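Asker: Listed here are the chains, written in short residue letters.
2 protein chains.
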Amino acid sequence: MELKLEMITCDVLIIGGGPAGGVVAMTAKNNYPDKEILVIREYEQQLVPCAIPYIFGPTLGSSEKNISSCEQGMKMGIKGLIGKVEKVDIKEKTAYSDHHAITFDKLIFATGSTPFVHSALESATHLKGVFTIPKNKILIDELKTYIEDKQTITIVGSGFIGIEMGMELALSGKKVTIIGGSTQVLKAAFDVELAHEAEAIIRNAGIALEMGDYVDTIVDNGERATGVQLCSGRVIDSEVIILATGYKPNTSLAHDAGLKLARYGGIWVDEYMRTANKDIFAVGDCAARREFITREPSKVMLASTSAAEGRTAGNSLYKLEYLKGFNGTIAIFSTVIGDTVFSSAGLTEDQAKCACIDIVTGTFQGMNRHPASIPGATKQSVKLVAMRHSGQIIGGQIIGGVESGEMINLIGLVIESKMTVFSLLSLQIATQPLLTSAPTSYPLVKAAENVNLAMQL
Amino acid sequence: MELKLEMITCDVLIIGGGPAGGVVAMTAKNNYPDKEILVIREYEQQLVPCAIPYIFGPTLGSSEKNISSCEQGMKMGIKGLIGKVEKVDIKEKTAYSDHHAITFDKLIFATGSTPFVHSALESATHLKGVFTIPKNKILIDELKTYIEDKQTITIVGSGFIGIEMGMELALSGKKVTIIGGSTQVLKAAFDVELAHEAEAIIRNAGIALEMGDYVDTIVDNGERATGVQLCSGRVIDSEVIILATGYKPNTSLAHDAGLKLARYGGIWVDEYMRTANKDIFAVGDCAARREFITREPSKVMLASTSAAEGRTAGNSLYKLEYLKGFNGTIAIFSTVIGDTVFSSAGLTEDQAKCACIDIVTGTFQGMNRHPASIPGATKQSVKLVAMRHSGQIIGGQIIGGVESGEMINLIGLVIESKMTVFSLLSLQIATQPLLTSAPTSYPLVKAAENVNLAMQL
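Residue numbers (the numbering used here), protein chains in the order written: chain A, 886 to 1342; chain B, 886 to 1342.
Bear in mind the hints are in silico, worked out from the structure with no lab data behind them.
A few of these clues could be false.
Which copy is meant is left open, so a pair is good if it fits within one copy or across any two.
Claimed, not checked - Computed cross-link-like contacts, DSSO-like style, restricted to lysine-lysine with a CA-CA straight-line distance of at most 30 Å:
1. LYS914 - LYS1059
2. LYS1264 - LYS1022
3. LYS914 - LYS1264
4. LYS1238 - LYS1059
5. LYS1264 - LYS960
6. LYS964 - LYS1264
7. LYS950 - LYS1264
8. LYS1060 - LYS914
Keep in mind the model is a prediction, meaning the values are calculated, not measured.
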């Protein structure tokens, strides 16, 4: 029987319905309301990626509570299609799925990322009891069901996802071990002295944190995984092993279509998220990124970055309107560990030194409310990293309360705008007893003062 | 008996120990560690000014919990003296109190502000039961003691202090009426549609909110105040009347010393907080301010502004080190009403129109967590005000959760740095389910998109 493909025509075809794809679609529709915009994605239900860890504990408790809505896009007149694109013919401007041949004028790859597993452990991923954390509701539900009656869980990886998962599972009464290959948790975002504060909270939650030891092999009984053997020789028994060892760009479709890939496998794009072919764009985790300061290829994958790229692409599809582009990725992270918020923007002191940047740092510890007797007031620490000679701020880290989640975005803007420490010294801010630290000892400004003093040494 | 004055010599004399004076002292000591710095202030115990309303309700409950500590300053080697400066001889570089003659090289006026009362009501302030809200522990304690056994309290003024006081008193079980002369509360910071949301929360807390009606006279029974008569003729019976009708610069000392005052009575200063005499500075509420955008004289009095001025002055005492100065005051406010945070930076739409600025606005309402099923998630609305032609952001208002207290500081920085809406369109930010709105619909960026679209109409 010959398969008959349904022919579809659109102006803008977006492959992928995650944060990047969704934002491209909405931005494009806002900017080019007359264009027919079509998003094709594999699954009916799409998870909010950053909240996946919270499915596994009391915070959300269910993947049903973590569905990304496309209601707004539909209201705007964006078309949607469920299907898997198998092939793209760039010359013919046509994408093919099992059932459709879709012609387009502009094409956007927003195919995201899939879990990265070290080659040594790859074969073990087929074992019963071994899981990764894909952004796929069906597989996430499988994992959730599997662990329901299990007690011991080992998480491999001490990045944001590993720790957020671990904390939620510990809150659900599981016996959790986290294996971190590095000497500290959250190495991508925090210097060691801040990471140690995170580690204390994690251990205090009852999690066994094994740092500086790699998984050598996953042990099994022929039927299912039973634990991990570490490089040090130690064996940790475990009913479930979750590999939270990062993600890699999902670019086989783009590669097969002849697009150039950059180091780390992302699709090469310019500052407006265009490939060498001005009608083909890539955004989100599948696009290659460069670190804003060092200009080195970047492995950072964040939904917020993806959304920002999506806005640039969606605006730039048919014309360039403002000189912004996406001049490099600034890693801006935040997370909650216990009741404490850890947030970070730009380079850590350690990363800056590795990149041969001559830096000074300034730190300050205060309280996040004022006076300190305000109920719920907690510590707020700020660390700033600046170029010694120019005073340009290239990184910042905060430990504090909920407010730190937005405070770090101010540091992000300072980095993105290439501002110096002098811009911070008499920064005009709002302070309020129930919301912020005191105006007289606002830790961000006090840390800047300490940077300024250090520059003069 | 002839009074013998104790002679004291210092390099830098600061008159006033509030937020501005304290910050000048610490910044000066950091920048000029060899200088002898002396702070003279009237009272041993100084209140944290912004938290005064919280003394009157469950949040703090006592002025003892709201004392500004000078421990850090003392540790740094800053000297303190309790006394009231009665006269300053600028030529002789000497300040005189009852007991001291203090010679200085640099002098900083940080004499703050005192309650402003409309002339029509001024005579009534001597009545028993009528109070203002001075930044003075002794008087605040008197007010607190007086209202303890009273039930009905009328607050005149619907600005931040009036509303914060009113909400705390209502939480303590008092029957509170707030009289606002304007047609909306918080007119200095919010446009009417946002103010209406605040008013609903205030009324819901059991407060009688009488807007658009002025107090004509304070009614008394010959012994104590018994209520207020409004211009409409209505009489509101009340055991206590609190006048929360703003503050005025406390500048008689500076005026007597021959310094020039600006409109609204503040001490005239340049961008580095210097008076015409380069050895005499003024900072905080006693210094004249100009609005950042309109360049008009500004009545804004905020501890955060005072602290920023203090940093500029403290750094600039003996040399100018960086080209920053204090190029106009941006009003950046935040407060909590019920469980909702209201914050504002720069000009409102209304203020901008009154200042003949050709503007566009953009608004967006989302949630402050993502997905919306995250426990505790609430609405987050952002309104941006931009110049129509240049796209420069000149104002922003947010209604949301605790995070809005710091989010508004990002808008403040955008205004201070003269950034355009284009800087916001692909802003790089951190988003996290438990801390922020979704990357795909971050209200600040979505509001910027709506500004951008409005500019093209």
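Asker: Could you run down the list of hints and mark each one as holding or not?
Answerer: To see whether the hints hold, each was checked on the structure:
no., hint, in the structure
1, LYS914 - LYS1059, "neither (46 Å within a copy, 53 Å between copies)"
2, LYS1264 - LYS1022, "between (38 Å within a copy, 27 Å between copies)"
3, LYS914 - LYS1264, "between (44 Å within a copy, 25 Å between copies)"
4, LYS1238 - LYS1059, "neither (39 Å within a copy, 59 Å between copies)"
5, LYS1264 - LYS960, "between (44 Å within a copy, 20 Å between copies)"
6, LYS964 - LYS1264, "between (48 Å within a copy, 28 Å between copies)"
7, LYS950 - LYS1264, "between (32 Å within a copy, 18 Å between copies)"
8, LYS1060 - LYS914, "neither (48 Å within a copy, 52 Å between copies)"
Of the numbered hints given earlier, the model fails hints 1, 4 and 8; all others are met.
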